[in-house]
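Q: Line by line, the protein sequences are chains A and B.
Quick note: the first sequence uses this note's numbering, first residue 1, plus one each step.
Quick note: the second sequence uses this note's numbering, first residue 1, plus one each step.
Worth flagging that the hints you see were computed from the coordinates, not collected in a lab.
Errors might be hidden in some of the hints.
Which chain A residues face chain B? A few, computed with CB under 7 Å, are given here [claimed, not checked]:
| id | residue |
| --- | --- |
| 1 | Ala31 |
| 2 | Ala33 |
| 3 | Asp40 |
| 4 | Thr208 |
| 5 | Leu211 |
| 6 | Pro213 |
| 7 | Lys217 |
| 8 | Cys221 |
| 9 | Ala224 |
| 10 | Pro343 |
| 11 | Val347 |
| 12 | Leu406 |
Cβ atoms here follow ideal geometry from the backbone N, Cα and C, with glycine treated the same way.
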Amino acid sequence: MSSGNNNNEVAMAQPPSRFEDVLHVLKRPGALAGDGFDADSGDDVMEMMQDSISLLVIGAGGLGCELLKDLALLGFQNMTVVDMDTIDVSNLNRQFLFRPADVGKPKAVVAAEKVNSRVQGCRVTPKHARVEELSLDFYRQFHVWVLGLDSVEARSYVNSVACSLLEYDEDGNVDPSSIKPMVDGGTEGFKGHARVIYPGMTPCFQCTLWLFPPQTKYPLCTLAETPRTAAHCIEYAHLIAWPRDRPDDEFDADNPEHMLWMFEQASSRAATFGIPGVTPQLTSGVVKNIIPAIASTNAIVASMCATEVLKIVTMCLRGMDNYTMYMGGYGVYTHVASYERDPQCIVCGAGIAIKTRADSTLASFRDALTSDSGGDGALPTDLRGKVTSPSISHGSSNLYMAHGPLEPLTRANLSKSLRELLFAEADMECERRTVTLMLNDKALAAPVRLRVTVE
Amino acid sequence: MIKLFSVKEKAKKESAEAAVTGKKKSSAGELRIQKDISELNLAPGFSIEFPNGTDDLLHFEITLKPTEGYYTGGTFLFGFEISDNYPHDAPKVKCLTRNVFHPNIDLEGNICLNILREDWKPVLSINSVMYGLNFLFLDPNPEDPLNKDAAKMLRDNPRQFEQVVRNGIRRGW
């Protein structure tokens with residue numbers, strides 16, 4: 001028997017790798033590959049994807065189910081999925097990891113179980129929690145965050161966490177190892193977006209918050225006096241009748257009795273004004289602000305996101321720069337736009353580095369900033385001498401508010417030392433600490449972040 | 001784009017920023033309200049209180065004592081609630097002074113002011129809301145009523161309206 005035949009037999013005996021198709025991409029050089037991509041080490045890259053990279057998937061709903069499936073089938077094996085919700089019957093038409101028997105169980109737990117049992121080697125860890133409940137150390141352990149969220153609030157929060165993990169060198173350059181790339185997907189009916197965010201380098205969520213349309217809101221007087229549509233009647237029941245008639249009850253849109261009450265109120269109001277069209281479905285749609293979810297939109301947006309994760313991790317292709325919109329209502333239309341950072345973004349801005357002594361008082365620190373030298377040249381030239389009466393805050397605590405009724409209440413802080421104001425007792429021994437302060441002044445168009453190193 | 005991961009260097013270096021202070025992170029809404037409050041321009045007749053102290057700017061109360069118009073001499077208290085999503089979301093404002101007879105305020109304290117709902121824009125600020133409230137008391141609008149009786153009276157019989165408002169102010173609402 002020749003050795004060639006022998007090889008053939010071995011090849012026959014071993015089925016091709018499950019990730020053969022991904023390996024094709026990882027082992028092929030190309031003009032569009034990202035910086036530093038090496039097609040010769042494709043197998044090693046695959047191994048790194050499987051063993052060393054851990055992903056955080058936030059949201060296990062319509063997008064989350066698709067994302068987990070896509071990422072698992074691309075070969076990512078270490079994932080943690082976070083979701084605060086439990087499974088509702090109405091999710092089953094598109095959230096395909098869930099079955100009727102799963103209704104009422106936490107989405108994260110069921111999604112993780114299903115993916116782990118279907119994709120060999122995959123280890124998805126569930127977290128049934130709100131994004132706000134998780135610690136910075138939790139977030140820090142993942143390499144790439146993938147967002148399948150349905151609210152501006154949750155995205156804003158996750159974005160602010162990513163930005164707060166950023167570290168800077170002496171010159172104010174962001175330390176690349178502190179960057180957590182985020183891939184964000186979003187869908188609404190037939191429309192969607194996928195975007196890639198490198199916090200500190202590319203526009204963060206807050207930089208482009210204006211991309212989100214404001215919620216439809218009706219004038220209160222229209223609801224109260226001149227309703228014209230079924231939605232007006234429902235909003236009347238929701239915003240006016242409920243607080244008036246049931247002031248001690250917290251309205252809960254998931255409580256059937258509450259929803260029934262809402263529907264009956266809206267119906268009787270509609271009858272008074274001769275308005276047709278109030279149905280239980282519309283009532284829950286208006287009250288919960290529901291836009292029908294389309295399974296194919298989720299699938300398309302999730303596939304764009306998963307592909308970007310693959311690109312970020314392996315550099316097999318240059319990544320999306322930096323926002324793709326998708327419109328599927330009339331045919332298919334997509335457009336990629338390269339948004340720019342907001343230089344005055346209050347969340348991802350690098351801020352200004354300042355060094356000071358722990359025993360200097362807040363007053364002397366503030367005086368140095370307002371002097372013509374702008375804190376010994378710390379402030380950029382265009383701000384020196386312009387910032388005349390700043391307020392200073394540290395997180396939620398307002399150290400000194402220069403105007404209004406808070407001035408007398410915070411004045412006492414001026415004579416305290418920075419050590420006293422910024423550090424708890426336990427931290428006193430620390431020799432050198434960096435804290436972030438926010439500076440507000442009428443001369444500033446937006447708050448300025450100060451990275452103060454206290455020695 | 002940058003290359004963040006390499007096959008060779010897998011072990012991540014320990015984060016330099018060792019112990020993070022146990023301080024609650026401030027939300028984008030909080031950062032923005034700090035700016036609004038630090039630039040607050042209290043027009044004559046206005047005052048502001050922070051019931052939870054200097055570190056909670058998300059809840060406050062504004063008192064308006066109109067110096068002109070039907071409501072001169074009255075004192076009106078407004079509760080403000082700012083969400084973490086401010087200024088994407090409008091502030092929630094309620095009139096805490098009860099039973100105010102006003103065409104655009106109902107007896108539960110809901111206020112019909114366009115910039116608080118359908119016309120809110122993130123470029124507006126607490127200052128803008130105060131101007132809006134001031135205007136509402138200077139020039140009540142009977143065309144877009146929340147309290148229909150008040151609107152009807154103001155339109156049909158302004159003198160009687162004035163009298164009812166005067167009485168209300170005298171009783172302290």
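Q: The structure should be examined with respect to each hint, and the outcome stated for every one.
A: Here's how the hints hold up against the structure:
no.	hint	in the structure
1	Ala31	violated (16 Å)
2	Ala33	violated (11 Å)
3	Asp40	violated (11 Å)
4	Thr208	violated (12 Å)
5	Leu211	violated (11 Å)
6	Pro213	violated (11 Å)
7	Lys217	holds (5 Å)
8	Cys221	holds (4 Å)
9	Ala224	holds (5 Å)
10	Pro343	violated (16 Å)
11	Val347	holds (6 Å)
12	Leu406	holds (5 Å)
When each numbered hint is compared with the structure, violations occur for hints 1, 2, 3, 4, 5, 6, 10.
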